[in-house]
Amino acid sequence: DGGITQSPKYLFRKEGQNVTLSCEQNLNHDAMYWYRQDPGQGLRLIYYSQIVNDFQKGDIAEGYSVSREKKESFPLTVTSAQKNPTAFYLCASRRSGLADTGELFFGEGSRLTVL
Amino acid sequence: AQSVTQPDIHITVSEGASLELRCNYSYGATPYLFWYVQSPGQGLQLLLKYFSGDTLVQGIKGFEAEFKRSQSSFNLRKPSVHWSDAAEYFCAVDGNAGNMLTFGGGTRLMVKP
Numbered sequence: 159d160g161g162i163t164q165s166p167k168y169l170f171r172k173e174g175q176n177v178t179l180s181c182e183q184n185l186n187h188d189a190m191y192w193y194r195q196d197p198g199q200g201l202r203l204i205y206y207s208q209i210v211n212d213f214q215k216g217d218i219a220e221g222y223s224v225s226r227e228k229k230e231s232f233p234l235t236v237t238s239a240q241k242n243p244t245a246f247y248l249c250a251s252r253r254s255g256l257a258d259t260g261e262l263f264f265g266e267g268s269r270l271t272v273l
Numbered sequence: 037a038q039s040v041t042q043p044d045i046h047i048t049v050s051e052g053a054s055l056e057l058r059c060n061y062s063y064g065a066t067p068y069l070f071w072y073v074q075s076p077g078q079g080l081q082l083l084l085k086y087f088s089g090d091t092l093v094q095g096i097k098g099f100e101a102e103f104k105r106s107q108s109s110f111n112l113r114k115p116s117v118h119w120s121d122a123a124e125y126f127c128a129v130d131g132n133a134g135n136m137l138t139f140g141g142g143t144r145l146m147v148k149p
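Listed in order, the protein sequences are those of chains V and A. Per the numbering used here, numbering through the first sequence is continuous, rising by one, with the last residue being 273. Per the numbering used here, numbering through the second sequence is continuous, rising by one, with the last residue being 149.
Rather than coming from a laboratory, the hints here were simulated on the basis of the structure. The structure presented is a predicted model; accordingly, all values stated were derived computationally and were not measured. For glycine and all other residues, C-beta sits at the position ideal for the given N, C-alpha and C. Honestly, I wouldn't trust all of these hints.
[What the hints assert, rightly or not] Using 20 Å as the maximum straight-line C-alpha spacing, the simulated SDA-like pairs for lysine to any residue come out as follows:
1) LYS215/V with SER39/A
2) LYS229/V with ILE218/V
3) LYS172/V with SER238/V
4) LYS215/V with LYS85/A
5) LYS85/A with ASN176/V
6) LYS229/V with MET136/A
[Stated by the list, open to error] A few chain A residues that don't get close to chain V, going by computed Cβ distances all over 10 Å:
7) LEU55
8) GLY77
9) GLN81
10) SER109
11) SER116
12) TRP119
13) ASP121
14) GLY141
Make a model of the complete structure from these sequences and hints.
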C-alpha cells in the first residue's frame, strides 16, 4: 500500500545534539511538507518542497534544516539552534499540477523529546 | 495573510447526540477549505473539503460541512456522534492555490457514553 513513513516514532535527545527525522513516501507526490504540532497551536509549517533539490521555509524554519535529494525522501534535521524542540512532528505530501486535489497525506508522526 | 480560528478547544457530547464544530477563516477571496481528523499519536486524515459549487459538502464517516461566505465560516456537523468519533479535529484553509495549508488550533472532541 502507498503511504508516508516517518521514523523514528519516538526520539529522545540531549540538549545540544542535532537529530534527523526521516520521511519517505511512495505515493509519487512532488510536494512534501514538515509540520510541527504543539498542544493548542494546531500545525505550523516548518519547511516545504515542491520539487527535488528545491525547498522553501515555512513559518517556523529557524533551528531546522531539510534536504530533498530524492523525490521519495524529505528528511528534517532539528539542530541545536532550535530553542524548544520538544514536539510532535508531522510529514505530509501532496500531488501537484492537474492531479492536485488539495489533500495533504500525512505520516503517523515522530515525537521528539529533549531531555 | 490567511488564518483559521476554531473557537472551541474542547467539546464533550453524549453518544448519539448531534455535533457541530466551528471554524472561521480570514481570507480575501474564496479559499479552499478542509476538515481533518487526528486520533491520538497519529497523523491527520482528510474528512472533507470545499473548493467551489454546492456549499454543503459531504465527507467520510457521516460528517458534513457548510460553507457560509457571509460568515466566513465552515462548520463541521454530524447528526449522531459515535464513541469512535472522539479525536481532535482541525479546520484548514488554502488560499494560495496549492502551496500552503494554514491550520486552526484544533478542537478536541470527547464522547460520553
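Each hint, compared with the structure:
no.: 1; hint: LYS215/V with SER39/A; verdict: holds (18 Å)
no.: 2; hint: LYS229/V with ILE218/V; verdict: violated (23 Å)
no.: 3; hint: LYS172/V with SER238/V; verdict: holds (9 Å)
no.: 4; hint: LYS215/V with LYS85/A; verdict: violated (26 Å)
no.: 5; hint: LYS85/A with ASN176/V; verdict: violated (37 Å)
no.: 6; hint: LYS229/V with MET136/A; verdict: holds (19 Å)
no.: 7; hint: LEU55; verdict: holds (20 Å)
no.: 8; hint: GLY77; verdict: violated (7 Å)
no.: 9; hint: GLN81; verdict: violated (7 Å)
no.: 10; hint: SER109; verdict: holds (17 Å)
no.: 11; hint: SER116; verdict: holds (26 Å)
no.: 12; hint: TRP119; verdict: holds (22 Å)
no.: 13; hint: ASP121; verdict: holds (19 Å)
no.: 14; hint: GLY141; verdict: violated (4 Å)
The structure fails hints 2, 4, 5, 8, 9, 14 (numbered hints given earlier, in ascending order).
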